[in-house]
Amino acid sequence: MINNFRKSKQANGFTLVEMLVVILIFAIIGTLATQTLVLSLKASRKSESLVRVKQSVEYSLSFMERALRTSKELVGCTSPTTLQFLDSSDEIKYFHCDGTNQLIETDYATTTPTQITSPDVHITNCASMFICDITSTPDSVNITIEAEDATVTGAEGAYVNSSTRILMRNY
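Here this note's numbering = 1-based position in the sequence shown + 178.
Careful, some of the hints might be misleading.
Here are the computed lysine-lysine pairs in the DSBU-like style, where the Cα-Cα straight-line distance is at most 35 Å [claimed, not checked]:
no., residue 1, residue 2
1, Lys271, Lys232
2, Lys232, Lys250
3, Lys271, Lys250
4, Lys220, Lys232
No lab work stands behind these hints: they were computed from the structure.
No experiment lies behind these values; they were computed from the predicted model shown.
Turn these sequences into a full structure, and let the hints guide you.
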């Protein structure tokens with residue numbers, strides 16, 4: 179009779195303790211999977227932010243380098259935030275880092291600014307962007323751009339610091 183009682187107890191199903199252990203294991207696995215997914219999404223946003231800022235900074239440096247290499251003369255740096263040059267059509271133009279944290283190109287005749295950085299990117303340091311050397315041959319300018327993503331804040335935001343030295347052509 180005791181053997182029949184044990185067999186019938188085992189045939190009825192799982193005990194409460196067994197069910198709680200299984201639920202606990204599934205809860206731990208679910209928490210780990212959720213945390214992994216959240217970390218993966220944060221890393222993805224950080225990577226996208228970094229790519230966006232790098233592309234904008236590299237485009238800006240390339241644009242300025244192209245304009246300066248085809249220019250006739252480097253007029254000079256009127257301040258660390260402004261670089262003046264004489265372009266190939268004999269117009270004085272300048273690059274300027276303005277107070278709204280955007281890098282722009284404009285010419286004195288029309289004073290219509292043309293923005294060359296993305297609106298999603300902010301220049302973080304305009305104070306030492308342009309350093310001109312017009313006493314050496316050839317003239318040269320050092321350009322340093324420090325930028326961050328304006329659309330993402332916190333740990334997911336990206337910061338890029340890039341610089342280049344451009345040697346002017348001698349005419």
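Each hint tested on the structure:
Straight-line distance between C-alpha atoms of Lys271 and Lys232 comes to about 25 Å, which keeps the hinted pair within the 35 Å bound. Pair hint Lys232 plus Lys250 holds up; C-alpha atoms about 29 Å apart against a cutoff of 35 Å. Restraint check for Lys271 and Lys250: satisfied, since their Cα atoms lie roughly 11 Å apart, inside the 35 Å limit. Restraint check for Lys220 and Lys232: satisfied, since their Cα atoms lie roughly 18 Å apart, inside the 35 Å limit.
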